[in-house]
Amino acid sequence: MRAFVAILRREFFAYFFSPLAWVVLTAFLLINGVLFNGILQALNQPETPRTAFLSLFFNNVFYWIFMMLVSSVIAMRLLSEERKSGSIETLLTAPVTEVTVVAAKFVAGWAFFLFLWLPTVLYPVMLSSHGKLDAGPVAGGYLGIALIGALFISAGTLASALTKNQIVAAVTGFGFIICVFFIGVFKEFVTDPSLREALAYLNLLEHMDDFSRGIIDTRRLVYVASTVVFFLFLSSKALEANKGR
Amino acid sequence: MLEVQGLSKSFFGTPAVEDVSFQVGSGEILGFLGPNGAGKTTTMRMITGFLPPTAGTVTLDGIDISEHAIEAKRQLGYLPESLALYPEMRVREYVRFRAELCGVPRRDAAARTREALATCFVDDVADRPISNLSKGYRQRVGLAGALVHRPKVLVLDEPTVGLDPRQIMKVRELIRNLRKDHTILLSTHILPEVELVCDRVLIIDRGRIVASGTPETLRQEMAQTPGLTVALKGELTDADSVIRQLPGVVRAARIGAGGETRVVLETVQGADVREAIFREVVARSWTLLEMTPRQASLEDIFVRLVSAENRPGAEAEGEHPPAVEAAGQPGSEAHRA
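Listed in order, the protein sequences are those of chains A and B. Going letter by letter, the first sequence gives residues 1 to 245 in the numbering used here. Going letter by letter, the second sequence gives residues 1001 to 1337 in the numbering used here.
Isolated chain B (complex conformation) (with noise of 0.2 Å):
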């Protein structure tokens, strides 16, 4: 639906996004994870046809956006992330407004408002100028006004940004219920919103793509070392050389709190201690508060990602940085998915 072939773009000679590669698939959410400062919005605007690549095609359900701008962004419903309404118009004169701008007819523009002010929950304030809002529901009101024309591909920059814990619960579930109906591609530079939200994952930085995939197979692929973390009963001083002595366990150090003592270890690949540690405890008769295994997050990928990209001479001269090719072929990923 939505394809992104070797996209580039300087400014005045500095690149900002290079040779970014991808499809959006009908009905998927993909969601484009970076820091700030990656080079998302330059990207979103230029599939969005408002920035001119330096290289690159982006096609819209088949339409070349550069050389067909008209056709393509008819396709197209996007929400910046300096998301600028116009605060004097209410808030139906201003979805209406939208709907004009995107060519739908006079006849279903009426019904179409109503229909987007509803699918956004924005109804309820639909008589209210813009400027009394709320951030949230400016927010929303802004997605009511990208997807009235009822566009194939959502374009959503940092969607949930600066909005409170409620308010980001309640985009995330409408941007979820908009995929049964559209193809959607999302940035964000927050983790969990990746987790709960998207289908697919591309983590970019400083420009490229560094990785690719559902968040799953990535958490697979980059899994670290597996670990634990075990509290105990106590102050017991020895248990991280107790536990430091069975098979299978790497490392593990003490951290000492008040009547709880917690060891953090490290295991080999496969190994499963947790039995073993289990025995221990109950031979030296410890009393076991807790065990709990340690799961690589996306945040972990992530960081470790970007800081592989940190390292002196990564973006020197060579083509492909190191952290390219450990992110596995991103190319190859997106087309599988």
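Next comes chain A alone, as it looks inside the complex (with noise of 0.2 Å):
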């Protein structure tokens, strides 16, 4: 446990020594809120429906591939870089087993995605400052968000565990988190309906739809869960294989 503290501790703040963090923080700010800005504007056209702010917020395509992008780049260095340094070897060479490793660099990859949100909580802050805003929509996006984000940076983590080179990573991941995308929106092609309903539990879309109304699903929290373990399972196998190389 005391390691599992020190790397996510290390990984997390070693973000913040790499200029791309904060490349990646300021297009992410910048492209939040040239949406948060388009999202009110519309919003004051009258005859825009009245549906609820944040849904409006995270289901559109920009969001979306915005996300996956960021994901990727966020997961992409967590376990290439130290296998391209060699730095693996002396943390490998520790009393740690390769799962407190991947659970621990996964852990800080995510804590990094969450600290790029942090500044938009400012956006329902300003918002209800001028009208009463529904706690639950709010909360629940985040939770949303939250649980999204880890799937798309376990996903990444895997493709980390990969390769030894970041770029390869990240293009990797990105195909990744893709495929995790697209199994759910593929329920629109399928006409037998058990397995229609089975493919919306992976929609990711409706996922978010569902947490931008405030309605909290066990099952997504399941579906997030069991796949992110499933990511972090396969990603301890493959640097337990790679170890030497």
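It should be emphasised that the hints constitute simulated quantities derived from the structure, not laboratory data. All values derive from a computational prediction rather than experimental measurement. We put the CB at the ideal spot given by N, CA and C, even for glycine. Each hint should be verified, as a subset may be incorrect.
Rough simulated footprint, nothing fancy, chain A against chain B, three-plus residues with beta-carbon under 8 Å [stated by the list, open to error]:
| # | region |
| --- | --- |
| 1 | 1048 to 1057 |
| 2 | 1072 to 1078 |
| 3 | 1081 to 1093 |
| 4 | 1096 to 1102 |
Restraint ranges, calculated between C-beta atoms of paired labels, are given here [claimed, not checked]:
| # | chain 1 | residue 1 | chain 2 | residue 2 | range |
| --- | --- | --- | --- | --- | --- |
| 5 | A | L122 | B | P1105 | 38 to 44 Å |
| 6 | A | F66 | B | T1054 | 34 to 40 Å |
| 7 | A | K237 | B | R1114 | 37 to 43 Å |
| 8 | B | S1010 | A | F66 | 44 to 50 Å |
| 9 | A | L20 | B | N1177 | 57 to 63 Å |
Looking from chain A toward chain B, a few residues come up when the C-beta cut is under 10 Å (computed) [what the hints assert, rightly or not]:
| # | residue |
| --- | --- |
| 10 | V5 |
| 11 | A6 |
| 12 | R10 |
| 13 | K84 |
| 14 | S85 |
| 15 | T93 |
| 16 | P95 |
| 17 | A238 |
| 18 | E240 |
Two chains, two frames, a set of hints: combine them into the complex.
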């Protein structure tokens, strides 16, 4: 546990020493700011339907592509950087298991992902000063984001465990994330009702839609948690298999 | 303390290390000597649990590393050859990170870190980022990180490679000082290092142990033909033939250069020809400038062992290549010491 915390701390703070992290942070805030602004403008038009504010925010293509990109960039360095530099040798000859290393690194990447979202808390705060804001959907929205972040970062962690090259890790990770995302979208292409329903549970668009309405469905929690565990398990196996190379 | 039994490793069917066995006792420094690519790093990676061996066992303080990896690794401090630190961290931060990684309790971590920094003489740079440090400092920071959790066994892979002579001296002195608290296995391809630092030597070539023993016993067992170098004043064209006629001299060759003549000669085992040479020189009223006995250096032994292995057919079928027999049962040597 001490080792877990030590790796997690080191990994998280290492982000702030890389220029990439600041670029991501800046781009993130810029894009989210533009989105927020656009949505506010749209809501000010009388013909816009009065749906929940956050569901507008989360359910557009722009947002999703950006999320996928950011996650793969955050996760790309987690394991490949240390494998490239050789510092993984120190880590794996210390009395810790591969699972601990992978889990700590995943949590660090996830924490950085959540950190990116921290400044956006200002938006609902700003809005609530101008009118009454429903706290449920806001909290639900952030929970949904946190879960999707976990899903994407864990897929990226696996990609990072597979290669020493960070760019390759980012591209592979992006591929994995797209797969995770599109599994659910396939529901539109099948006619079998039970399969349709099953795929709907994997559909991240519906997932985000639910959460941004403040609906917390435990099935979605279970889906995310088990997928994350699955990816992390594969990552630790990949790390173990590639140890000496 | 550290026991290695029949350790072998193949990469895709190509053997890199074959049947390596040895022991390192408590408080001993064992030097692991071999040319580049002999399998030193591979062996060390297996000992530290970084590489799973194809066959054989590694026991650290009675704990099998493949069966109880976590417990065994607690007893182990490792300085890899490709030392990679985290450049963005400060020295103290890094060593403390290593302490926490190895499960040093939080309340002891600060004190242990201070202690390790002082032991490795890096306390003067404790608050500098690692990226600003010279190679010598980094090496010592790596060493501090390897011993901060007070491991019983230290495995150091080429600890002095890439350092300048002064730093090399410092690191060697440091390693010698560490022997009172740790059992040390050290690899190197630099021969004098072994003579200066180690209690016992293991010579490895092409993945096999070809000789083992203390530097002295190795030198005695493997001693080359004894010989002398004599330097005389003047251009003495017949100096070599004169010396060749002395009893006990097997061979003599003259190297004439300017106002000085050098004769390099080999003698039969056990013969002392120095007095005879002196009398001969006096009788001919030459001037003797220098007379140096040639001692078999570890370097000679090393070169002979390694080149013996290179003989064609040496690595063919047979279980024991000639060099292994010449070395005289490496296993028994390991147990004797």
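Outcome of the hint check:
1. For the region 1048 to 1057 of chain B, the stated coverage by chain A holds: 5 residues have a C-beta nearer than 8 Å to a C-beta of that chain, and at least 3 were required.
2. Under the rule that three or more residues need a Cβ within less than 8 Å of chain A, the assignment of the region 1072 to 1078 of chain B holds, with 4 such residues.
3. Counting residues of the region 1081 to 1093 of chain B whose beta carbon lies closer than 8 Å to any beta carbon of chain A gives 7, which reaches the threshold of three, so the coverage claim holds.
4. A count of 5 residues in the region 1096 to 1102 of chain B with a Cβ less than 8 Å from any Cβ of chain A is obtained; the coverage claim is therefore met, three being the minimum.
5. A/L122 and B/P1105 have their C-beta atoms about 41 Å apart, which keeps the hinted 38 to 44 Å range intact.
6. Taken as a hint, the range 34 to 40 Å is violated for the pair A/F66 and B/T1054, whose Cβ atoms sit roughly 48 Å apart.
7. For A/K237 and B/R1114, the hinted distance range of 37 to 43 Å is satisfied, since their beta carbons lie about 39 Å from each other.
8. Restraint check, B/S1010 to A/F66: a C-beta distance of roughly 48 Å satisfies the suggested window 44 to 50 Å.
9. Roughly 42 Å separates the CB atoms of A/L20 and B/N1177, a value that falls outside the hinted 57 to 63 Å.
10. Hint on A/V5 holds. Least Cβ distance to chain B is approximately 7 Å, under the 10 Å limit.
11. A distance limit of 10 Å between C-beta atoms decides the matter here; for A/A6 the minimum to chain B is near 4 Å, and the interface restraint holds.
12. Evaluation of the A/R10 hint against chain B yields a held restraint, the C-beta minimum of about 6 Å falling below 10 Å.
13. A distance limit of 10 Å between C-beta atoms decides the matter here; for A/K84 the minimum to chain B is near 9 Å, and the interface restraint holds.
14. Contact between A/S85 and chain B, as hinted, is supported at the beta carbon level, the nearest pair being about 4 Å apart and thus within 10 Å.
15. Because the closest C-beta pair between A/T93 and chain B is about 4 Å apart, less than 10 Å, the hint holds.
16. Taking 10 Å as the C-beta contact cut-off toward chain B, the hint placing A/P95 at the interface holds, the least distance being around 4 Å.
17. Here the hint on A/A238 is broken, as its CB sits about 15 Å from the closest CB of chain B, past 10 Å.
18. Nearest Cβ of chain B to the Cβ of A/E240: about 9 Å, under the 10 Å cut. The hint holds.
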